[in-house]
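Undergrad: Spelled out, the chains give:
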Amino acid sequence: MPLHVVGTAVPRLGLAEKVTGAARYTADLKRPGMLYARLLRSPHAHARIVHLDASEALRLPGVHAVLTYRDVPQERIDADLPVLDAVVRFVGDEVAAVAAESEALAEEALRHIRVDYEVLPAVFDAEAALKPAAPAVHPAGNLVGGQWLVVERGNVAQGFAEAARVFEGTFHTQAHAPVGMETRAALAEWQGERLTVWKTSRAVHAMDRPILARVLGLPLEHVRVICPNMGGGFGNKDESRVAVLAALLARRTGRPVRLEYTRAEEFVAGRSRQAAAMHLRIGVRADGAPVAIDMQATMNAGAYVATGMRVTRRVGQGALYLYTCPHARFRGATVYTNRPPGGSFRGLGAPLGHFALEVLIDQIAVALGLDPLEYRLRFHVTAAGQPGQRTTPPHELLPDEPVEGGVPFSSNALRECLLAGAERIGWWQRRQPNGTATGPLRRGLGMAMGLYKGGVGREAEAEVRITPAGRVRVAIGNVDVGQGSATVLAQIAAEALGVPVDHLDMVLADTELTPPAHITAGSSVTLSSGTAVKLAAEEARRHLLEYAAARLRVPQVRLEQGRLLGDGETGLDWRSVVADLPGDLVGTARVTAGSRTHLINAFAAHFAEVEVDVESGRIRVLRYVAAHDSGRIVHPRMAENQVSGGVLQFLSIALREELYLDPRTGVTLNPSFLEHKGTSIVDFPPIEVLFPAPPDPLAPYGAKALGEPPVVPVFATIANAVANATGVWLHQVPFTPQRVLQALRAQGKIPA
Amino acid sequence: MRPFRFVEPTSLAEAVRCLQAEPGKARLLAGGSDLLAELKDELVAYDCLVSLAKVPELTRFEVTERGLYLGAMVTLAQLEHDPRLHGPYRLLAEAARGVAVPEIRAQGTLGGNLCQRPRCFYYRQALTPCLKKGGPDCPARESPYQQYLVLMGGAGCYSAHPSDLAPALIALDAEVDLVGPSGARSLPLERFFIGPEVDVQRETALAPDEILTAVRVPLLPSGWRGTYLKARERTAGDFAVVSVAAGYALECGTVVQPRLVLGGVAPVPWRSRQAEALLAGQAPTPEAARRCAEAALAAAQPLPHNAYKVDIARALIARTILALAG
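Heads up: the protein sequence lines correspond to chains A and B, in order.
Each residue of the first sequence is one higher than the one before, counting from 1 in the numbering used here.
Each residue of the second sequence is one higher than the one before, counting from 753 in the numbering used here.
Just so you know, these hints were derived from the structure itself, not from any lab.
Just so it is clear, CB atoms sit at the ideal spot from N, CA and C, and this is done for glycine as well.
Check before you lean on any hint, since a few could be wrong.
Claimed, not checked - Taking CB as the label site, the calculated pair distances span:
#	chain 1	residue 1	chain 2	residue 2	range
1	B	Val796	A	Glu127	35 to 43 Å
2	B	Ala797	A	Gly217	38 to 46 Å
3	B	His838	A	Val682	38 to 46 Å
4	B	Pro755	A	Val682	35 to 43 Å
5	B	Ala797	A	Glu118	26 to 34 Å
6	A	Thr262	B	Phe758	46 to 54 Å
7	B	Tyr821	A	Ser680	30 to 38 Å
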């Protein structure tokens, strides 16, 4: 069947509104009588509140409420996150919330809240926090969950015994902020015992609504959560207290209350990327084939863990699965410290673990006298998957974070990605041996690859409703966090129905108007909700065709591009036959995405050319090629933007971005766009995006995950290109001039 | 940000009176790109901001046979784009183009750039007391984050002077005009900047009730050329980790009237007379450039985490000297 909508660059939904400024974000919303909230934050990294007096603040005219730990429900937002607490655990931890007639007044009120603290010892480094005498950030100890996460295929001890050579390295990645353009915000309004919250979100159904209902003691159906436009999600919103505090202030004051983070608050009290310390050992046979891969990671989760355990698990995914290898193990510790809390961010731990893996693989290839690309072409995991025995029972869905062997991939175009990327950048013609460039400005080519999951096991629902007005209303509970999923899901629905995409009205991210949905995370929406919306649209289409056939008094009709076609018919606009419908024609679907026979993963191979100024330590990225296997591409232009955007985001992190924490006090020293240095337009290299892969046989219209895979290989690609230019592999992100110069000097690569 | 009053005097005399009326509690506002950030971050608080936007003579921009006259409210964008800044004065346009981003250059002023405060992370964070904010000690000296700290000239406080224009203007032998309650005075720009050994809470000799009104640049030999190089962590919107303003004229293949001024390495723009003396009368060869760089950095005593800035400075000095050789 030829496709008419999937695979075309239809106009992105909501684009005109965003470009003209008409789009409304949470912090643009106002309700009659609305008050403004601000938060008092801890100046100490670890302290107990011994005295708190808000009476002076409450006496200010126009200040309506102050909430402290004494005024909030005991029910927790997360297992380690009280609504407010008498103990503060990082500089910036929430101490009190104020509602007032204006933001300026709320801010002024903060200065009139008297707090006396008993300062407690604090710990900022994850490895230090694991020592027995370290200050306990939470009562159960600093190792989250009380134990290391251990996953293993085969037996790595046996694998290393079989190895001809063993290589190892230690790698570090930094804490940084995801910095969505929009800061966190929530607006809460009560109608009697019913609560409506508008907020920045990635899961109105799966997270916000149940958390608000549970913490506030409300029946689920009394809570409505709506996410309007999102100004940058990146998996990072939200795992915080914002909505609960706004709702409590609104209940206390009897007025709607809006709480919006300042930019500095977003840097400090948003959820940052966890710093990682990773140690990796790889044993290879005489021919270079990996026989044992063993990775250990210590993750600095900060003061509250949020989704930190899942981040840690993803650190190991490359080590466990990117190379065909009988024995592989990952061990991860997720550690509380008095740093600002970490959370989810694009790629979870995968870009961190892939950095260590793909740099060490480069070092191995060079040590063995093999071209790094040739090494990967020989040993990357193939469509057959890993050797070994399947451990998932036959009737169960296979995970998309695989460990076990003995299971094939539904599709795996790593080889096509490697070859397409290599050809585009001129790998075979242009690459010099590592470290042979001379002069102050040295150029090099580097590459790395990656794999990523995408949506298996997620429950998804969709409702497709054909109305007598001649419109199709598609309701899905997911949030479009800015990645464009509303458009992609509309394309899938339109394709399945057989109508143009502009006949559709998409309704997303409102718990009252949409069926339940999973979180927008893990690059899952296209596979899971895409499957659901396809099934629901197919059902609605069947109803429509039956109705149309009866109405037109023909045995059967088809619907193609909005035209009803029967035997010998020239075609009739479908909208002309539904005006007399007694009610809507409805298709619904509820699915759990995945496969019982195949692993479903996305793959990528990235290539870069860099220029290193070996006298000033400056790295310039001159050119970047990203080749991706995400199956069929639903929307070519958005897909290309998704890849180039992800590459740019992580180039910026690779080279510059970091949250600086004062090691004495735990104060964040650079909570601003000026000093948490994102890339600006002049530092962007040209990025070429390639999609050389065929459709996946199991995914809806063959489309696999794409949101996060573009960020996975970036750090290693740059490190390997720098090594090609200079002969030195950097083991610590970001690759600042300071680190470049120190590494060159340490290895004698620059004149003294 | 705390509330403040905003006044817009229309003459210098009135502006001085506004400052005098509230000693220490009124502050001059030029482009605001630094001051407003300080106010928002609550590093400083003033009862009154005295805008200079309506004082006409501060926007004077003249190029005459005696040199340049640049009013303090001339914008960085004007310096970047004015076609009269060619020949010897091209150096100033280059330095202006290195500042921040186009939006800030359109707003930022010459006077504001010279009077901006340091970029040390500890000075810029209200939660960390430091000497410059009246605190008891310097938390930055042992910090891992020292890209904006000095290589030389620190005395208790180790923050480096961040201005891009100052090294260029000192290389051009600029003087500044100041006006205060007791009248006008002028001094060489080099002496306008003061180190922490003089006053740790200020970076300039400007009194709280004085106004920087103009910068004057004398006429330079027509063959004199300068250039400005700035090492920073990103290409736009960033401060100098190290910057170098260098200039000289070539007569019969040898250097005359050499100038070498470093930014980002000392509490004040750092002019190296030793390096200049070494270069004078020499041909600008790679070897001369290297020796010049060594001389300029002879006094460097890096902090625990910024020795790499010496490498960068050495490279930039040599590159500026060689670039001017043609």
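Undergrad: Each of the hints needs a verdict: does it hold here or not?
TA: Hint check results:
A C-beta distance of roughly 39 Å is found between valine 796 (chain B) and glutamate 127 (chain A), which places it inside the suggested range of 35 to 43 Å. Checking the proposed 38 to 46 Å range against alanine 797 (chain B) and glycine 217 (chain A) shows it holds: the Cβ atoms sit about 43 Å from each other. For histidine 838 (chain B) and valine 682 (chain A), the Cβ-Cβ distance of about 25 Å falls outside the hinted range of 38 to 46 Å, so the restraint is violated. The hint said 35 to 43 Å for the Cβ distance between proline 755 (chain B) and valine 682 (chain A), and at roughly 37 Å that hint holds.
Look at alanine 797 (chain B) against glutamate 118 (chain A): about 29 Å separates their beta carbons, and that is inside 26 to 34 Å. At roughly 22 Å, the beta-carbon separation of threonine 262 (chain A) and phenylalanine 758 (chain B) lies outside the given 46 to 54 Å, and the hint is violated. Judged by the Cβ atoms, the range 30 to 38 Å given for tyrosine 821 (chain B) and serine 680 (chain A) holds: they are separated by roughly 34 Å.
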